[in-house]
Every structure is written in structure tokens, then in C-alpha cells.
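Residues in the sequence shown are numbered from 0 upward in steps of one, following numbering that gives the first Met the number 0.
It is worth saying that the hints were derived from the structure and are not from the lab. Mixed in with the good hints there might be a few duds.
[As the list claims (entries may be wrong)] BS3-like mimics (lysine-lysine), calculated; alpha carbons at most 30 Å apart, straight line:
1. K84 / K269
2. K269 / K202
3. K103 / K233
4. K103 / K229
5. K202 / K65
6. K80 / K103
7. K216 / K118
8. K65 / K80
9. K186 / K151
10. K216 / K269
[Unchecked claim] Distance ranges between label pairs, derived from CB positions:
11. T114 / P141: 28 to 34 Å
12. S207 / K229: 38 to 44 Å
13. K119 / E236: 18 to 24 Å
14. N179 / T114: 22 to 28 Å
15. P44 / P263: 39 to 45 Å
16. R174 / P265: 28 to 34 Å
17. P263 / A36: 42 to 48 Å
18. E240 / T143: 43 to 49 Å
19. A276 / P44: 32 to 38 Å
20. G249 / K229: 31 to 37 Å
From the three backbone atoms N, C-alpha and C, an ideal C-beta is built for every residue, glycine too.
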Amino acid sequence: MRFLPALTRVAALGAAAVLAATGLTACGDGSSTSPAANPYGLLQPGVLRAGTLTDAPPNVYLKDGKFTGFDNDLLSAVATKVGLKVEFVGTDFSALLSQVNNRKFDVGSSSITITEARKKTVDFGNGYDFGYFGLDVPAGSPITGFDQLAGKRVVVVQGTVQDDYATGENLNPVRVPDYNGAINQLKAGTADAWIAPAEIGDKSAEDSNGKITVAAKQLSPAPTAYAVAKGNDKLREALNEGLDEVIADGTWSRLQAQYYPGRPIPADFKPGSGTVAAPSPSAAS
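Turn these sequences into a full structure, and let the hints guide you.
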């Protein structure tokens, strides 16, 4: 029985060492997630995890295994201005906004048109691009305009502003999860028309080997913007500041010229906060 006090002292010292180590670990973990270390509330400090699409050129797509396109390249430039690195992850558009608000992603990058309905799910930064609706049809189709779609089998990507438009026009659209699904329906002749973002519709027709043509275009009613979770004002404001910087330094104009050569910019469209001027593409190159 004489050795019990010694054993008790050893156990107490061991317990104290474990508690001290635990305390040190806890302090270390706390510092890595402190507001100072992660001011924008990111999933991983210093890394902007962006949900995007893989099949929507020239806006957002994969090329040689790398996420690229106007929206994604612009986001990378914006993130650099605020000291962040971007990690892109592919997803379906129909799930993107809820995934952003549920914090699966820090930001959504996919030519997301700002609408009042979408503002109920996410918050938007300042608009960085405008867009047109495109009307793609199978080659040889008699359809030449949006006013000829009543009674036709019209395909849209679920959850897009084109879906909203078709529904609002009582077209009873066929909804597919991604752009490839819409393109395949046109090629197979199982859809009469596809209402698409015009730039994506143009590229799809160009790549279709003559199976798809662009019948018409019309200006979309609102700008596109990056989406963040509701209430993440610090991240939204940082992205807005970074956007103004890449507009001012010519990056926005250069990417416009690279991805949308020859596309006219509406006279009343001002990207970002509207307080900085975008250099002409020639001056930015």
C-alpha cells in the first residue's frame, strides 16, 4: 500500500500533461478559425470555394481539366485582389443557390442573373455582366422568334432565368439539369427549341457541326452577379471591391474581348459599383 501515493502522483502528473496538451491544441484550433484569420467566414481560410458548372462555354466550363470561362477567370482575378485563392467545384445549376446558402460553397459563379425570387435564397454582389437570351433550334426549323414558341416543345435548364421566362410565358417547358441535356434534345429532335443564355447558345450552335442554329436573341432583363450566403456581408463587400479593381485595371475589358469578341456592350450597362470606368478592350490589351 506504500506505493499508492506515488502512483497517484504519477497519474496526476500524466493527467495534467494531457490537459495542458489539450489546452494548447484547442488554442491552436481557435486561432485558425478566429475572425482575424478568416474574416470572410470561408470554409477554409484564404480559399474561396466556388460552385460552378462544367458545360457552359464561354461563361463557365472545363478545358483540359481546368475550370475557366469569363465568369470563372474574372472571379479568380477578383479573388486575387482581396488575397484569396479560388477552388472551383462543379455542380448542377438547379442546386447551386441552395448549396451556396447552406455553405457548401462560399460563392456561386455561373452567370447568375439577379432576380427578386433568388434574393430570397442568396445575397448578390454587384453585377459584372449583362446577357441576352438566345433561341437555339434544330437546323432547318421554321421557328425564327420567341413569339413562335406557343405549343412547341421548349427545353430549358432547370432553375435558370430562362426557365423563369418560359414559365412566365406559359410555355410549359421541358426542364433538364444541365446544358448538355438541352443540346442533346435539340440534336436528337426531341425538342423544338432551347431558350439559353445567348453566349452559351452561340457556342453550342458553333460546335454542333450544323445540327443547331441560333434563331433569335433578346436582352436579358437583369445583370449577372456572384452569389454568397445570406448575411455574409463581409465576403460580398470584399468581392465588390475586388470587382471594381479589376474593372479599373482593364482585366474586365480584356476578358470581355477574349470571351465575347464583337459583342456590343449596352450603353446603359455599368459593371461593378458603377463608380469606376472600364478601359476600352484595345486599351486593356
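How the hints compare with the structure:
Between K84 and K269 the alpha-carbon distance is near 26 Å, which keeps this suggested pair within the 30 Å criterion. The hinted pair formed by K269 and K202 meets the criterion: a straight-line CA distance of about 25 Å does not exceed 30 Å. This hinted pair checks out: K103 and K233 have alpha carbons roughly 18 Å apart, not beyond 30 Å. With a C-alpha separation of about 13 Å, the suggested pairing of K103 with K229 holds against the 30 Å cut-off.
A hinted pair counts as satisfied when its Cα atoms are at most 30 Å apart, and K202 with K65 qualifies at roughly 18 Å. For the suggested pair K80 and K103, the alpha carbons sit about 23 Å apart, so the restraint of at most 30 Å is met. Restraint check: the Cα-Cα separation between K216 and K118 comes to about 26 Å, which is no more than 30 Å; the hinted pair holds. The suggested pairing of K65 with K80 holds, with an alpha-carbon distance near 21 Å, which does not exceed 30 Å.
Restraint check: the Cα-Cα separation between K186 and K151 comes to about 16 Å, which is no more than 30 Å; the hinted pair holds. Taking the CA atoms of K216 and K269, the gap is near 21 Å; set against the 30 Å cutoff, the hint holds. Taking the beta carbon of each, T114 and P141 are about 32 Å apart, inside 28 to 34 Å as hinted. At roughly 39 Å, the beta carbons of S207 and K229 sit within the given window of 38 to 44 Å.
Checked against the hint of 18 to 24 Å, the pair K119 and E236 passes, with Cβ atoms roughly 21 Å apart. A C-beta distance of roughly 24 Å is found between N179 and T114, which places it inside the suggested range of 22 to 28 Å. Take P44 and P263: their Cβ atoms lie about 41 Å apart, and the range 39 to 45 Å holds. A hinted range of 28 to 34 Å holds for the C-beta pair R174 and P265, which are about 29 Å apart.
Distance hint check for P263 and A36: the Cβ-Cβ separation is about 45 Å, which falls inside the suggested range of 42 to 48 Å. At roughly 44 Å, the beta carbons of E240 and T143 sit within the given window of 43 to 49 Å. At about 34 Å, the CB distance of A276 to P44 agrees with the hint of 32 to 38 Å. The hinted range of 31 to 37 Å is satisfied by G249 and K229, whose Cβ atoms lie roughly 33 Å apart.
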